[in-house]
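Asker: The chain contents come next:
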Amino acid sequence: MSDAAKHGDLGEYRPLSYFQLMEVSLRELLVEKGIVTDAEVAATLEDMRARGPETGARVVARAWVDPEFRARLLENGTRACEAFGLDVPALRLVVVENTPQVHNIIVCTLCSCYPRMLLGLPPDWYKSSNYRSRVVREPRAVLEEFGLRVADGVQVRVHDSTADMRYLVLPMRPVGTEGWREAQLASIVTRDCMIGVAVPKAMGSE
Amino acid sequence: MPQVAARPQYPTDHPSAPVRFAIGERVRVRKACPLGHIRTPYYVRGHAGIVERLCGNFPVPEELAQMRAGLPAQPLYRVRFLQRELWPEYAGRDDDAVEVEIFQHWLEPERA
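Residue numbers (our numbering), protein chains in the order written: chain A, 1 to 206; chain B, 1 to 112.
With the rest of the complex left out, here is chain B (with noise of 0.2 Å):
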């Protein structure tokens, strides 16, 4: 098998604020609209899901708009969400899916 020279460290090796959500748990996204570069989507915003997997630590993107350097890194999650729990008239299966990444400042423990 051909060799590739070694690359960065995947997930990344930033500083980075500690981990917050287990894989499996429940949380929600913050409803908030603040101004500037958002990766967080209106349509989950205030809603409740699963943590997927924990994709690794990543600059923060609102700051990394702001030609800052976006450090410490927050961990990044894949939140899965029940269609029917964001569209109430979803017309498919009840156990069909959203998934998004969220940036764990976005985040909530679901009853906080």
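For reference, chain A alone in the conformation it holds in the complex (with noise of 0.2 Å):
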């Protein structure tokens, strides 16, 4: 017997929590009865892994230099993705707009509904119950655990996804990005910038 096995030491092995089981179990039961296959499990995952916050950021660089297309997406945030060539699959898009009067940021209340089809997979602390329950009752101080401090004279609305409805925060273009390129533009547009908890910042600016 190693010394590792003498003092219990399971090296990277941990048993199934009761979610993971409760998965494994789901899932083969599903492929079992031939609802799914297992290659439709492992292509939606693929699928969304591939997807991450870039797709909403070029989204979000659009709505910044071409006006026409930011109303669009203000006013139908689905429709203006698929005329700019996106693929967002079932997913029921208000864009909200930040001003210089108004800063929005985005909650599930409930589970962890996300914008997937832009942003991926949600962040760890999206889902925590720590922020869920907290952004919603006292939005300006959990802005300020991160790092944002949202001014007096503006107000904070919290948008939660509660039902069908996804959401995206289109943030203010900084100054000091005037004449930047599309591309450059997406740049800093961040997935937090996106949900709300973040601004976007011109590099080297404060």
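FYI, nobody ran anything at the bench for these hints, they're computed from the structure. Even glycine gets a Cβ: it sits at the ideal position worked out from N, Cα and C. Where hints are given, some of them may not hold.
Some, not all, of what chain A presents toward chain B, calculated at C-beta under 7 Å [claimed, not checked]:
(1) Thr109
(2) Val136
(3) Arg140
(4) Val156
(5) Met165
(6) Gly179
With the hints as a guide, bring the two chains together.
Answerer: Written as structure tokens, this is what we have:
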């Protein structure tokens, strides 16, 4: 018997948690009953993993340079994304615009609804009960913890994705980005900016 | 601009209950606690807000969770609540708000 085994050192091995076990059981049952195939599950996972916030950033950058696209995006986010050539299956998108008067933040208090088609998988903190329960009742304190102080003159609007819509924050284009190309603009639009817990900054500026 | 294939109409075209509330109208969320899968958060139940927009008609989630069709669909609204009205001790601005999607069957006129 090796030393490691004697001392109960199991290396990387961890028994499945309650929810992992539930996921495996449910998936195997669905496959066994012929409702889905392993290949379909794998393809869906691959598709979700391949999506990231770069897609959302491209949408934001286009809205910054094209006022007509911006107007269509705010009016009907889904249609505007489709016209932009994005494949956004099942996404019913509401785009909320930050202005000098209003700052927007997104949450799902009931679970973890998130615009995955544009931002990929949500960060763990977005799914935490801490963020979900606090951002709807003390949003300014939560934003400060993210390092974002919203000025007293600015209204804070929290959007709770409770049902069928998904949300994307359209941040304000920062000063110092005049004349930037669209791809360069997209590079400063982070995931957190599109959730509303950060704002984009021109590189090198405060 | 690239073209995409035709998609199902949006908002959805399910048979639906008629729309009862107008944008800007004050509505109150029913203060009810039925069992089951409910997409109306507890923190807004019993509170009043203003209809911000109509999102379209969607099958009823309580019914979908029971493997039923959820039809006729219900209009889904975005309702804007003032933080001060939800949380009396709220420390931010008077006009800070939370916007929540609420199905029509959870809403009544503010003074019912």
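Asker: When the nearest CB of chain B is found for A:Met165, is that gap smaller than 7 Å?
Answerer: holds (5 Å)
Asker: Is the interface hint satisfied for A:Val136? The criterion is a beta-carbon contact with chain B at less than 7 Å.
Answerer: holds (5 Å)
Asker: Next item in the hint list is A:Val156. Is there a CB on chain B closer than 7 Å to its CB?
Answerer: holds (5 Å)
Asker: Min Cβ distance, A:Arg140 to chain B: is it shorter than 7 Å?
Answerer: Given a least distance of 5 Å, the restraint on A:Arg140 holds.
Asker: If you take the shortest Cβ to Cβ gap from A:Thr109 to chain B, is it below 7 Å?
Answerer: Holds, because the Cβ-Cβ distance from A:Thr109 to chain B comes to roughly 5 Å (cut-off 7 Å).
Asker: Against chain B, run the beta carbon of A:Gly179 and see if the smallest gap drops under 7 Å.
Answerer: Not OK, violated: A:Gly179 not within 7 Å of chain B, min 24 Å.
In summary, the structure is inconsistent with hint 6 from the numbered list given earlier, while agreeing with all the others.
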